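Enquirer: Chains as they are written, first to last, in this note's numbering: chain A, 1 to 499; chain B, 500 to 624.
These are calculated hints, taken from the structure and not from any lab test. Among the clues, some could well be false.
[What the hints assert, rightly or not] Simulated restraints, written as ranges between beta carbons of each label pair: (1) B:V586 / A:G475: 39 to 49 Å; (2) B:L609 / A:I442: 43 to 53 Å; (3) A:R439 / B:T624: 24 to 34 Å.
[To be verified] Cut-off 20 Å, straight-line C-alpha distance, at most; resulting in silico cross-link-like pairs (PhoX-like, lysine-lysine): (4) A:K367 / B:K551; (5) A:K28 / A:K109; (6) B:K532 / A:K366.
Treat the numbers as computed from the prediction; the structure is a model and nothing was measured. Note that the Cβ used here is the ideal one computed from N, Cα and C, for glycine as well.
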Amino acid sequence: MSFVQNFPFFSIIIAMFSGIVSSVLDGKKARNLSLVMIAVTTALSAGTLAFCLGTGESYTFMMGHFPAPWGNEIRAGVLEGVTAVFFGVIMFLAVIGGLEHTAEDVEEKKLNLFYIMIDLMLSSLLALVYTNDLFTAYVFVEINTIAGCGLIMIRQKGRSMSAAIRYMIMSQLGSGLFLIGLSILYDVTGHLLMSPAKESVEMLVAEGSYRLPLLVIMAVIGVGLAIKSGLYPFHYWIPDTYGYATPTASAVLSGLVSKGYIFLLIKIFYRVLGYENLVSSQMANVLYVFGIVGMVMGSLHAIHETDTRRMTAYSSVAQIGYIYMGIGLGTSYGMVAAVFHIFTHSATKALLFISAVGLYEVSGDKKDYVSLRGAGYRNPLAGIGFTVGSLSMVGFPMLSGFISKLLFATSALESPHKMLPTLIVLAVSTTLNAVYFLRLVITLYSRRRPEDAPIPETVPRKSWHLRLAILCFIGVNLVLGLASQPIVQAITDGLAMFG
Amino acid sequence: MLQHLSLNIEETAAVILFGVGFTILLLHRNLIKKIMGMNVMDTATYLFLASKGYITGRAVPIVVDGVQEVEAYINPVPSGLVLTGIVVSVSTTALMLSLTIRLYERYHSLDLDEILIMAKEEEQT
């Protein structure tokens with residue numbers, strides 16, 4: 001066994017231990033440790049990715065002393081590697097970008113707690129990406145939820161605390177469903193490891209036995225993780241949660257947490273339940289319908305919103321809809337598009353939340369349209385960042401959103417029954433996206449009117465952290481948009497390895 | 500169909516309890532009752548696992564008197580899962596309760612709808 005194969009395990013454990021160590025450090029040291037840890041784990045993930053690309057296949061890593069059907073395992077392949085690297089990069093930039101605001105929003109004595117949550121969050125995300133064991137996945141889903149709740153409630157405002165309890169309630173509903181789904185699956189198959197469980201499922205499907213329990217498992221796990229990732233009818237906790245947390249937390253929650261759950265769902269669909277069973281049992285169609293409804297409804301809510309941060313949050317609802325639509329298309333092309341959109345949305349939404357911070361700074365910390373008028377001139381780089389993010393969400397060529405939409409549209413052509421609704425909803429949703437994002441961009445670059453309330457004199461904070469983060473996020477967006485071919489290829493290979 | 504339900508009476512009870520807990524967690528306005536609902540829901544899952552993991556007449560898999568046949572013992576994994584699950588649900592319950600205390604200190608109410616309205620008003624002023 002090559003030394004590189006230990007890296008996924010190292011990265012999870014390093015992230016978790018830095019969380020534990022941070023509990024006795026003061027805020028600044030915890031912050032630095034966190035940043036170093038994110039950089040190190042991302043490098044380790046990159047090593048894993050390079051190894052998997054080199055060998056061209058995935059591998060499993062035994063945890064503890066019990067071999068395959070009994071013990072616990074980690075699995076790493078190209079898709080896991082790409083996702084882990086990507087999550088690491090986004091996490092790093094989100095923490096850097098929100099550095100000053102985190103220090104302001106959080107009491108100084110509690111600053112290390114915030115970074116403990118960040119460490120635990122990354123550790124659980126990596127574990128969700130790499131794990132090959134269903135119950136481990138459940139435990140890390142819960143760690144993820146608790147860390148997410150901590151990130152929201154660390155800002156001791158009434159609105160963020162009520163958002164945190166709402167988030168907890170919805171997450172617990174999701175985890176409860178996920179847990180009972182796992183329990184039934186374990187009873188039916190007798191396995192918790194993904195690969196043996198899949199063999200049992202395939203056998204049961206071939207025999208035609210346990211048809212109803214398998215359907216229940218698919219529905220319950222699917223709905224459980226859909227609630228946790230905020231698919232449309234279960235979205236009502238999203239605007240408060242993303243809208244009132246501290247900027248880093250908003251970027252991490254919208255960009256990474258929901259994506260971790262979706263990644264786990266895709267993994268379970270491919271590696272346990274079998275994607276073809278999902279399609280033949282109509283479960284894919286259910287997700288498809290929820291997805292396209294979410295794409296339209298999320299955007300409509302966003303148009304009604306006057307608070308721009310809540311508007312950005314509602315746009316997440318629409319984008320999660322895109323991802324589920326891709327999963328629900330029922331073809332491997334649709335799945336590639338969905339996974340690519342996971343990347344697009346993490347990069348773009350984090351960019352939007354972080355660059356919006358720069359705009360609010362120069363508008364007296366107000367978030368409505370009138371106060372933001374002309375903010376693009378007052379903080380040029382943040383304005384450019386927000387514009388790039390908006391254009392990417394709308395699907396402007398050269399940016400990652402365009403590639404996502406292109407992939408969705410071409411994959412729709414592969415599934416004849418869903419082609420027309422997909423293309424129509426894509427067009428409608430793009431138009432709606434353009435309505436609210438471009439309205440805000442135009443607002444940012446329009447002159448202030450004399451009747452507007454004057455902006456309170458604020459000294460613009462010369463924060464190189466924020467600028468660096470915005471520039472890097474724009475760079476990530478451009479890379480995804482201009483050099484999408486190798487990434488799409490890696491996703492396709494990775495999904496093939498899942499199969 | 501009914502026969503199956505009465506044969507698996509524990510599992511049936513577990514699923515009904517799960518539904519009860521789920522509904523309370525989703526629909527009840529009182530935060531404490533929501534948390535109780537969450538616990539009912541989680542415990543129902545443990546009942547399900549525990550009853551599935553037990554086979555009448557078999558013992559825990561600890562070899563004391565030299566009996567080594569597989570038929571003599573039950574599978575220990577479901578019990579392990581229940582223990583892990585209990586740890587997880589205790590920690591989430593603790594977190595939810597601490598949040599509830601914070602919210603009660605601030606708004607003197609346990610009604611989630613009232614709290615949300617008050618938080619909204621507080622933000623606007």
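Enquirer: For the pair we were handed, A:K367 and B:K551, check the Cα-Cα distance against 20 Å.
Expert: violated, 53 Å
Enquirer: Using the C-beta atoms of B:L609 and A:I442, is the stated range 43 to 53 Å upheld?
Expert: This hint holds: roughly 45 Å between Cβ atoms.
Enquirer: Quick check on a hinted range of 24 to 34 Å for A:R439 and B:T624, using CB atoms only.
Expert: The hinted range 24 to 34 Å holds for A:R439 and B:T624, with Cβ atoms some 28 Å apart.
Enquirer: Is the straight-line distance between the alpha-carbon of B:K532 and that of A:K366 20 Å or less?
Expert: Cα-Cα ~37 Å, so violated.
Enquirer: Holds or violated: A:K28 and A:K109, Cα atoms, limit 20 Å.
Expert: holds, 10 Å
Enquirer: Lying within 39 to 49 Å: is that true of the beta-carbon distance B:V586 to A:G475?
Expert: With Cβ atoms ~42 Å apart, the hint holds.
Consistency with the previously given hints fails for numbers 4 and 6, ordered from lowest to highest.
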